[in-house]
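Asks: Chains A and B, in that order, are what the protein sequence lines are. Residues in the first sequence are numbered from 1 upward in steps of one, following my numbering. Residues in the second sequence are numbered from 1 upward in steps of one, following my numbering.
Since the hints were made in silico from the structure, they are not lab data. Beta carbons: idealized from backbone N, C-alpha and C, even for Gly. The reader is advised that the hints may include incorrect statements.
What the hints assert, rightly or not - Here are the simulated lysine-lysine pairs, DSS-like style, with alpha carbons at most 25 Å apart: (1) B:LYS60 with B:LYS72; (2) B:LYS68 with B:LYS225; (3) B:LYS72 with A:LYS105; (4) B:LYS485 with A:LYS105; (5) A:LYS105 with B:LYS482; (6) B:LYS68 with A:LYS105; (7) B:LYS138 with B:LYS68.
Unchecked claim - In silico contact screen, one side only, chain B against chain A (beta carbon under 7 Å); selected entries: (8) VAL83; (9) SER97; (10) LEU128.
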Amino acid sequence: MQLHDWWFVVIAVLWTGYFFLEGFDFGVGVLTKTLARDRRERRVLINTIGPVWDGNEVWLLSAGGAMFAAFPDWYATLFSGFYLPLLVILVCLIVRGVAFEYRGKRDDARWQTRWEHAVFWCSLLPAFLWGVAFANIVRGVPIDAHREYAGGLLGLLNPYALLGGVVTLSLFVLHGAVFVGLKTVGEVRLRARRAAYAAGVVAVPAALGFLGWTQAQRGDAGTLITAAVAAVALVAALGCVRAGREGWAFVFSGVVIVASVATLFLALFPDVMPSTLNASWSLTVGNAASSAYTLKVMTWVGVVMVPLVVAYQGWTYWVFRRRIGVRHIPA
Amino acid sequence: MQLAAAAADHIRLAASSGQLDLARWQFGITTVYHYFFVPLTIGLAGLVAVLQTAWVRTNKPVYLKATKFWGKLFLINIAMGVVTGIVQEFQFGMNWSAYSRFVGDVFGAPLAMEALLAFFFESTFVGLWIFGWDKLPKRLHLACIWLVFIGTMLSAYFILAANSFMQHPVGYAIDHATGRARLTSITEVLFQETAVTVAFHTLTACFLTGAAFMMGISAYHLARKRHVAVMRTSLRLSLVVAVIFGIGTAVSGDSLGKVMFRQQPMKMASAEALWETQCPAPFSVFAYGNVAKGHNSVELSVPGVLSFLSDSDFSSCVPGINETNHAEQQKFGPGDYKPNIPVAFWGFRLMIGFGMVSLAIGAVGLWLTRKRFWLSERLRAQRGDPDAVPLLALTKDRALGERLSPWFWRISLLTMLLPLFANSFGWIFTETGRQPWVVYGLFRTEDAVSPGVSFGEVLTSLVVLTALYGILAVIEVRLLIKYAKAGPPELSERDLHPPTRIGGPPSLPGPRAGGGDADRDEDRDDEDADRPLAIAY
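Taking the hints into account, I'd like the entire structure generated from these sequences.
Replies: Take a look at the structure:
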């Protein structure tokens, strides 16, 4: 295994970390409108992720930064090619971050309602668009001989990619609902269970269809295993929700996300962005990577920092482990 | 037919140069905007950490009140700094893909390090700090704000090292096969003279910015005789910090100037609108010139000073714009290597002007609030009242009069804006002064833009981001004003008695306190389960 293969794994791990963590943040954001019935309940939901959402979002910045350092061509082609969807994601992440921080800063119902709308839409749209983006990466997009994206915006909105968007959105809502079940008490906790089912009704067919489609297009033995793990874990997660095993349900909904992202990255390898115009124009781990020296430097940074980050972020979750409910929300 | 083809070519060319301009405007707008929040965040993080340390060490509630008050303003700011930072990281790929490909091997590394070392630190520990007031023991909670502060400074360092590579590329080689820059030494990139000097200059300016902010708001309250205890402490702290780091900014700025005279003579000649080489060279206070003809029509200058600034010798030569342009043509081929000279000239002057005025006001303030008088009972307007606003001491026996005192407060309030202007002009100067290069001497800005991105796409993102940033600016400033005016919060018993172990009950005084017996502690935890959150979104 060469250094650039290992860095492909690191990038995959960072994106997986991002989708695992911000996955439930996005889900919780969507549930503020669909599960919570009043402002107090919405605040319960927002406060389940209050101390951690910012740290979770940094996984995206790390994934982006690591792509820039380890695969500059991947970074350049991806972000210039998927320009407008990425712009929407950026706008959403900006508004959503500000919404969490500023919503409670005024005692004004209209002000708070506006920010709550922002939390909902700016969680829903990125949750959908990340799926669209990754499905397109795996499916392949028109990349020309100069490694520039040559398709339009509409080229990104093909059925496979849209299905990918439905998968990430529904899985994140499921993951978020399971997380809410784990972090709250009272009626919200009970309703989170029903929300998880509802998300499951969409997630199961969408994810199975998408994973099957991926397997048929670019699959091999490896992706078959991870896709199967994802499918089994999805069913298991819903089973655990039914049995009231909230901890296990969260473990399984996490496994679904990890295994699904793994399936996509395995299906991609050794390409990082396949070209639909000419296979020899595809970006691969070999031709898009940085020099061996840069990769070596970054490996040292990664080896030291990633476990440290996981340790202190994990500690944060432990500090804020207590469940919360409406009675914990100060007036 | 040929005419139509030529016209189409012309339109394509116009659109692509239009796309370049728009991409540059977007980078300028998003970066200057982002940089309103960054220095305030770094400066306030440090000041809040100092105040909280004072609270932990002395147990005086005034320091806790100050920590909570400035902490809230700090949080309103950091939120904007964080979210606008996301755009900064991704727009290299979006608008500048050719640049990203060319320098990714070198430039990506410090960016990735920034995320892994600094962003995680900041964001995780700021979450713990916001919500940890009633969850963490005092010292651990204090450690969180210090870690946030360290994170913000690390973040600044990495991005400045990356920027220094653009100003003065080192530690790379051009790969023969790809024609791109390839990293050869990460230590050179991270620790080259330019990076260290610019970090010193930028960080001192950040502390000056934070201090001026604190000074202005403290002055606002003191002028109205409100929250005197907290604001008096804050004012003194901010004045001391403003003077120390104001001097630091000036000293480091002088070193940075000398580095730049060596590394980018064109930038510095433009900063002075020095058209012809002069020995010795004068420092230009004011100039109005004709850029096309290459001379100044009106100029006011001090002889010899520029020579001194460039290398500490009043008689040495400083190369002028025309000669430097000629030298660069010899080196890099035909072309125009002049940046936008009026922008460089005025950017440089306004940076220095706003920065030095803030320092001067800080120094005057420090003198007027000399400790002996500022804290002495004898000189208070109302004797015997510890909460009265002390008099501003003009001399040992004379106070600043009724007429002048309000003016001091007014000027202090306005001073909070000055470092923000200085910072912006400084960046506008240093980034436009490097043009036409994006990486000095290596890669031109016009070659850096994304070839696959259309004029319409860049226009869309420019309009959307500018509009969004405009709206958010209004919201942010209004919130800052609201919370700045509201003053420090009242403290509750719970604020004053944080838990002694992680997630434990508050260490409230009372019959059950200090029992230390584990069963009792557990009981209290159960009772505690219904306790509302001290801090919630």
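Asks: Hint numbers the structure violates, sorted upward?
Replies: When the structure is compared with the hints, none of them turns out to be violated.
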